[in-house]
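Keeping their order, the protein sequence lines are chains A and B.
Sequential numbering from 1 applies to the first sequence in our numbering.
Sequential numbering from 578 applies to the second sequence in our numbering.
These aren't lab readings, by the way, just hints derived from the structure by calculation.
All C-beta atoms in this analysis are idealised placements derived from N, C-alpha and C, irrespective of residue type, glycine included.
Honestly, I wouldn't trust all of these hints.
[Said to hold, decoys possible] Counterexamples of contact, computed for chain A against chain B with all Cβ distances above 12 angstroms: (1) Ala280; (2) Gly515; (3) Arg566.
[What the hints assert, rightly or not] Coverage of chain B stretches by chain A, computed from C-beta distances (three or more under 8 angstroms per stretch; other residues unrestricted): (4) 606 to 614; (5) 641 to 655; (6) 662 to 672; (7) 719 to 730.
Protein chains: 2
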Amino acid sequence: MSELEDISELARRRGFFFPSNQAYGGTAGFYTYGPEGAALKRNVEDVWRDIYVREEDHMEVSAPTIMPEAVFEASGHLEGFDDMIVECADCGAAHRADHLVEDATDIEDAESYGPEEIGELIATHGIDCPSCGASLAGDPVEEFNLMFGTNIGPGSSAPGYLRPETAQGIFVEFPRLKEYARNQLPFGVAQIGRAYRNEISPRRALVRVREFTQAELEHFIDPETDDPPIERVEDVELPLYSTTAQNGDGGVERHAVGDALDAGIIGSEWVAYYLARSMAFYERIGIDMDRFRYRQHLAGERAHYAADCWDAETELGGDWIEVTGFAYRSDYDLSKHGDYSGEDFTIFRQYDEPVTVERATVDPEMSYLGPEFGGAAADVADALERLAGRDRSAFDGDAVTVDVDGDEYTVPVERTGFEITEQTESGEHVTPHVVEPSFGVGRLVYSVLVHARREDTVDGEERTYLELPPTLAPTAVAVFPLMSRDGLDDRAEAIAEDLRRAGLEVSYDESGNIGRRYRRQDEVGTPYCVTVDYDTLEDETVTIRERDSTDQTRVAIEELPEAIRRLLAGETLADIE
Amino acid sequence: MSELEDISELARRRGFFFPSNQAYGGTAGFYTYGPEGAALKRNVEDVWRDIYVREEDHMEVSAPTIMPEAVFEASGHLEGFDDMIVECADCGAAHRADHLVEDATDIEDAESYGPEEIGELIATHGIDCPSCGASLAGDPVEEFNLMFGTNIGPGSSAPGYLRPETAQGIFVEFPRLKEYARNQLPFGVAQIGRAYRNEISPRRALVRVREFTQAELEHFIDPETDDPPIERVEDVELPLYSTTAQNGDGGVERHAVGDALDAGIIGSEWVAYYLARSMAFYERIGIDMDRFRYRQHLAGERAHYAADCWDAETELGGDWIEVTGFAYRSDYDLSKHGDYSGEDFTIFRQYDEPVTVERATVDPEMSYLGPEFGGAAADVADALERLAGRDRSAFDGDAVTVDVDGDEYTVPVERTGFEITEQTESGEHVTPHVVEPSFGVGRLVYSVLVHARREDTVDGEERTYLELPPTLAPTAVAVFPLMSRDGLDDRAEAIAEDLRRAGLEVSYDESGNIGRRYRRQDEVGTPYCVTVDYDTLEDETVTIRERDSTDQTRVAIEELPEAIRRLLAGETLADIE
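Given the sequences, and given the hints that come with them, work out the whole structure.
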């Protein structure tokens, strides 16, 4: 079995994750987290929260997953959140057209091609339907919107969509959220929650699914005055796979943050700051940093508004998978929502000192414009006001001409009330820019599992274990009685209860021989097992066994909770002996 | 303002919750949790998890929110998850018909009436459209399915629905989940997640919303052999509002669990167990137990398969609101999924000792049935087999008659291979019964806030504060410098950082006068504020101020983390002085 098949098998058997609704034949792209997986996922989310909310001192919110259509008109998802689909004329199966081309050719970025080009490539390369084998040549390639649609309330008058990213639930509420930040930039708003993409061809377990969990941070900054505390991270080394390396035949290069900025490899200090901060996150959750890189977006991948974009990628079964996107999104999101909603998506930036500015204003004589231009008079007045703001020199002559809906209107300057006045202003309205690190939680959980799986031989027997960081493991400590009799079981249950009361995640197991019980815990990554045996009844000590080394030591029961706490904090068996 | 208006105003202003998408005119039935609310909600969920997962030692899973249609065919939601709707012929507004009747009449359970009856009541009572005032008499009352529908994948060939309860994600995966329980009953599976109901008329803030969070536990038991540990809770006093009291003119009566079972007030020991266990939960999250009751379902409210159902209700603004449903659901859910999917939703119950049973079997001569009955032969053989299992006396005579699709077929008994044999069986397949406590997390958060709000006068000034349990508050401790100068701010920031490192939720605030900063924290329920003043620089002590009493005491900085920890654990300012 391949590395990924191994993990899928282990995940299903031990309760990390499995395909949903198998009793009804399964539903592609949907996975259920079993008890071990749900706990591991929660632990990954807690580490994320610890770094991006607590340490960085940002807010965390929780917004609905269903949002009304207007939101996605503004965000651009309704128009542009598409993948290319080709439907087999023979069997009716739908396929992601660009993926078929990538699988059959050397092309790696088929997504950036147009539907017509993809259709031609399918024909040229004689690509067949993966379901039935019929030729797909000539079958139309079309855009398919990936949002799940629904209707809010009775009837179909209020279409809604499941959010394709958690971010929109933050952007839309910016007018309210800025109040909680007391109208001061910079501030960040985080959210961990479900997002949905109606993938044409879900695949690769937790990698390309239709319902997933994102952890996103939207950091709102003033582009002119806010800088990240880059000095705190400038020595952090980053494994960078730059556009230059990708376009040439270079590979990953390690650069300190400061050097990468100086050399222009990373274009934005803000993006660099989050790339650096995130290294600690990936390390804490147990990503193998030898199978990890930051890949810069190629020009064709990047959204037009994004100044610099990098993906964090993990290597899984030979492929590189995006687990995080880091983007400098400029004012794109807030400007769009401001334009579409007509509400105030800006922050008032106070000047250090009030400034005096010259303003050109008009006050048109409506008693002249009315009789002269009839129904167009009000529009002419508006056009004069806009013109004064834009080009005051237009009022230098005797008359001024404005355009209203394609018709020209000429007005004597003396009738416009044109004037230049001095005004004192205390500040100005600024649309904040957004720096966004966006994490796929399921892909992170999947990467952690794949990178943690180990095989070795213990006492001549092969075993599989997960080398998860101790604080990330679903169970911190498992407690076993050597036999489930002679009071060993009662004693072990009491010890398990004590450890639970000490705030630890504890598992109690008395079934099967002790070796089998160790293997079970090894496979779910439990870092420590405690065994209660006949000596325990004599001398009040128990055995602690360490997962990775399988080394054992004995400690007094009364010292056990403290011993486990020290082990979880990074000490070794030798330290606590 | 009413109690509920007060809370909605506070919630919006301080960031607990607010109506979503206001920039686009709002979307009824959807709320966003702001920073304070998201933290409070997470804390409520953590207490729930602590009790129903950790202490009760159940599994917790996380399933998708979108599920395929087959699931809801089996569960009955597709057919029966309806509310009654009446659409105004004049303005087109849709209303929940039974609610209009309840609002306009003395009827309290209009939901249990049929659409025709409701239509007649609307006409008789002359109920008008709440939106435009036109008469609704004669407008048809119809059933409206409350599930949000969507399509999975391209096209409309795979309809899916947003789950109306988290429970289905557990029931459907029973065949897999039982493996994690090593095929042994009893075991429980919990889930905290989003659920969706396309309410016709969302109302009352977080009470009747279209997207909400449920915390559900499905406890799978063997109805014949599994009993709850009722002895652990038999002395717990419950405020019970029984059907007898509701049908007469009785009120809430307090009964110990044991007495309520003996008196037959509570019909199921399992339900009684969870009613008792849940008392600790409501108390820990800060529900005012004088505004709390358990209300038994009236016969008309109860699903046909449910043996006994109780709701936990909180009093909010004069109304009683369901916050939890407790139901003994029998084998209804698993049987339905077993029938519809054809998969095994049973558990094998091992007998203590193998038993020998007599089995009637048949082995029909197909060489006789074939020529005799042609295409129906196989069905006749199957019918004979079923008949032997059901009624062996049918084979007492010379011939036996079976019915296949309405046609009768008579077969000589000697051709059926009928035989009575002795078989040794080690156990039997049992469809587990389900005990379900189902909590509405948003309603709990709302109840906690309403019950916690206090007003008093401090130093002649009115103040509002939230008397939240200290461990439930979004912020455990706020740190203020008296002035943001003279090094007080640096010192205060360092202290805040130390407290954060000690694992506490800390807020730092240096803006505005100290009184205003106290009020801000009072309004979000922060139990303790620490102030750094000029004395601090001299003697290394700070002031701790307690939210409810506004009492203050001074402690040494080096003892501060431990002092806060003791206060959060229930000690008083006097204890730590």
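Okay, the hints, checked on the actual structure:
no.: 1; hint: Ala280; in the structure: 15 angstroms, holds
no.: 2; hint: Gly515; in the structure: 17 angstroms, holds
no.: 3; hint: Arg566; in the structure: 16 angstroms, holds
no.: 4; hint: 606 to 614; in the structure: holds (count 8)
no.: 5; hint: 641 to 655; in the structure: holds (count 7)
no.: 6; hint: 662 to 672; in the structure: holds (count 3)
no.: 7; hint: 719 to 730; in the structure: holds (count 7)
In summary, this structure violates none of the numbered hints.
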